[in-house]
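J.: Below, each chain spelled out in residue letters.
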Amino acid sequence: MLKKIILIFLLTIINSYAVQEQNIQKTMDSKIKKVLQVLQNKNLSLKQKEKQSIRIMDSVFDYKKMAQISLGRKWKTLSSKEKSQFASAFEKKIKHSYVDKLRLYNNQRVIIKKLKKTKKNRISLESTIIGKSDTYDVVYQFYKRANKNDWYIYDVRLSGVSIVQTYRKQFSDFLKTKSFKQLLKSL
Amino acid sequence: MQHVAIFFMLILVAFSGCSQSTTPQPSPQKNELSLIETETENNSDVEKISDTEDEIDDDNDGFEEEFSTEKTETHSDPLSGYNRSMTNFNDKVYTYALNPVAEAYAYVIPQPFRIGLSNFIKNLNFPVRLVNNLLQGKMQNVSDETGRFLANSTIGLLGVMDPATSYLHIPAHVEDFGQTLGYYGVGTGFHIVLPFLGPSNLRDLAGISVDAYASPLINIRGLERYKIPKNWVESMGIVAIHMINKTSLNLGQYESIKKDALDLYPFLRDIYEQKRVSDIAE
Chain A
3 MLKKIILIFL
13 LTIINSYAVQ
23 EQNIQKTMDS
33 KIKKVLQVLQ
43 NKNLSLKQKE
53 KQSIRIMDSV
63 FDYKKMAQIS
73 LGRKWKTLSS
83 KEKSQFASAF
93 EKKIKHSYVD
103 KLRLYNNQRV
113 IIKKLKKTKK
123 NRISLESTII
133 GKSDTYDVVY
143 QFYKRANKND
153 WYIYDVRLSG
163 VSIVQTYRKQ
173 FSDFLKTKSF
183 KQLLKSL
Chain B
70 MQHVAIFFML
80 ILVAFSGCSQ
90 STTPQPSPQK
100 NELSLIETET
110 ENNSDVEKIS
120 DTEDEIDDDN
130 DGFEEEFSTE
140 KTETHSDPLS
150 GYNRSMTNFN
160 DKVYTYALNP
170 VAEAYAYVIP
180 QPFRIGLSNF
190 IKNLNFPVRL
200 VNNLLQGKMQ
210 NVSDETGRFL
220 ANSTIGLLGV
230 MDPATSYLHI
240 PAHVEDFGQT
250 LGYYGVGTGF
260 HIVLPFLGPS
270 NLRDLAGISV
280 DAYASPLINI
290 RGLERYKIPK
300 NWVESMGIVA
310 IHMINKTSLN
320 LGQYESIKKD
330 ALDLYPFLRD
340 IYEQKRVSDI
350 AE
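Note that the protein sequences, when read in sequence, are chains A and B.
Residues 3 to 189 (the working numbering) are what the first sequence spells out, left to right.
Residues 70 to 351 (the working numbering) are what the second sequence spells out, left to right.
None of these hints come from the bench; they were simulated from the model.
Where a beta carbon is used, it is the ideal one built from N, C-alpha and C, also for glycine.
Heads up, a few of these hints could be off.
To be verified - Non-contacting residues of chain B with respect to chain A, defined by C-beta distances greater than 12 Å in every case (computed):
#1 S145
#2 M155
#3 N157
#4 N188
#5 Q205
#6 S212
#7 L226
#8 T257
#9 G258
#10 A281
#11 Y282
#12 K296
#13 N300
#14 I326
To be verified - Here are the simulated BS3-like pairs of lysine-lysine, each with C-alpha atoms no more than 27 Å apart in a straight line:
#15 K94/A / K327/B
#16 K76/A / K35/A
#17 K328/B / K97/A
#18 K328/B / K76/A
#19 K51/A / K78/A
#20 K51/A / K299/B
#21 K134/A / K328/B
#22 K327/B / K134/A
#23 K327/B / K67/A
#24 K49/A / K97/A
What the hints assert, rightly or not - Counterexamples of contact, computed for chain A against chain B with all Cβ distances above 10 Å:
#25 D31
#26 I34
#27 K36
#28 N45
#29 F63
#30 R105
#31 V163
#32 S188
Based on the sequences and whatever the hints tell you, model everything.
T.: Put into structure tokens, the structure is as follows:
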């Protein structure tokens, strides 16, 4: 009995660990459905909703990669301590922003449209958020880790606007006049 | 003790399972890939090389190229001083006028009515979308948009409802003259923040002026018969109502986006230009 429980426990861990190519659409579909269920659940407080939504989505996002891309060439000049400091600050910022957007949720529907393999190690998953008066395109960008079949999200495009690109631009503008320490602080 | 041993065994098996996923398996996915690889021997060699490159350049992965700043590097911004203060002005207008008015309006007017008004205005702007889809030679879009207009104007009670989206599932294709110019390779020109209307650029400003001719909602001298407003005051009124109505349906959105900005003006400028690039590419 105990063996079974442990096995099931481990299997669920592995499942939430990374997404494989053939499962991307299925996984994202179920994750998005779960988030919508959480958001529609009237018994949960706002805080609980936020926590649970983040927990559902966490395993597919590669926050460190997002942090790295958004910092661009500057990343290589950082010490490993600075890298991890920046990555965790960035992760907090992204999560905070995501949670903030969730607050705007007003019974919109989400439809996953299609999966496109743009390169050997890139996949984009197109979805649409259908609200009462407007629709928005959301594209999840996945990349494959070298030599693994594990796929992670490295960027999200909202109506054609790349989150990572936008941060990248902002950070590079910021660093033109200010120091890395100040950037870390402002995050 | 036995359980602990089993536990460790399981962990080992589980995590080796993780890495095993990379070894060739007879899954259909892999078969497809291997077919492609064996089809052209030379190509597979090239792929192998790039694979090893990926390994070495692990923290790059081609992302630097993908997100190269050239794509978003803003061209000269001669109006940056003016743009900055206009962004500030618009922000104040939003915070102290538009948003409170829209909130009050949303409180008084029920949402279905506001959505109806939004649909109605969108439907009236059909000529703008028609002309620009035509100019870009996007015939499928032309037929979609025409179908939407016919359906929404009839079953949709003069465009108040949107049965084209909800029942017929005909996608909308919003195109304006700025996009048409972009489609034919016209550059953006420098960025201009318009009072009340927000970010724009030289090309899109020209686009707005041209679209005004096609839109029945903007009064233009000599075209009064075709236009709904009889003078520019009425045009302004329609634009203002449209803005308030739109804001009332998206309360909190601007604030939420604004929170992501380190510096508001370049942030909004960048978002706008990125969005336009993607709109034109559609």
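J.: Determine for every hint whether it applies to the structure shown.
T.: Consistency of the hints with the structure:
no., hint, in the structure
1, S145, "15 Å, holds"
2, M155, "19 Å, holds"
3, N157, "17 Å, holds"
4, N188, "7 Å, violated"
5, Q205, "17 Å, holds"
6, S212, "20 Å, holds"
7, L226, "16 Å, holds"
8, T257, "15 Å, holds"
9, G258, "19 Å, holds"
10, A281, "23 Å, holds"
11, Y282, "26 Å, holds"
12, K296, "25 Å, holds"
13, N300, "29 Å, holds"
14, I326, "9 Å, violated"
15, K94/A / K327/B, "17 Å, holds"
16, K76/A / K35/A, "38 Å, violated"
17, K328/B / K97/A, "12 Å, holds"
18, K328/B / K76/A, "24 Å, holds"
19, K51/A / K78/A, "37 Å, violated"
20, K51/A / K299/B, "50 Å, violated"
21, K134/A / K328/B, "24 Å, holds"
22, K327/B / K134/A, "23 Å, holds"
23, K327/B / K67/A, "24 Å, holds"
24, K49/A / K97/A, "13 Å, holds"
25, D31, "18 Å, holds"
26, I34, "19 Å, holds"
27, K36, "22 Å, holds"
28, N45, "23 Å, holds"
29, F63, "15 Å, holds"
30, R105, "7 Å, violated"
31, V163, "5 Å, violated"
32, S188, "6 Å, violated"
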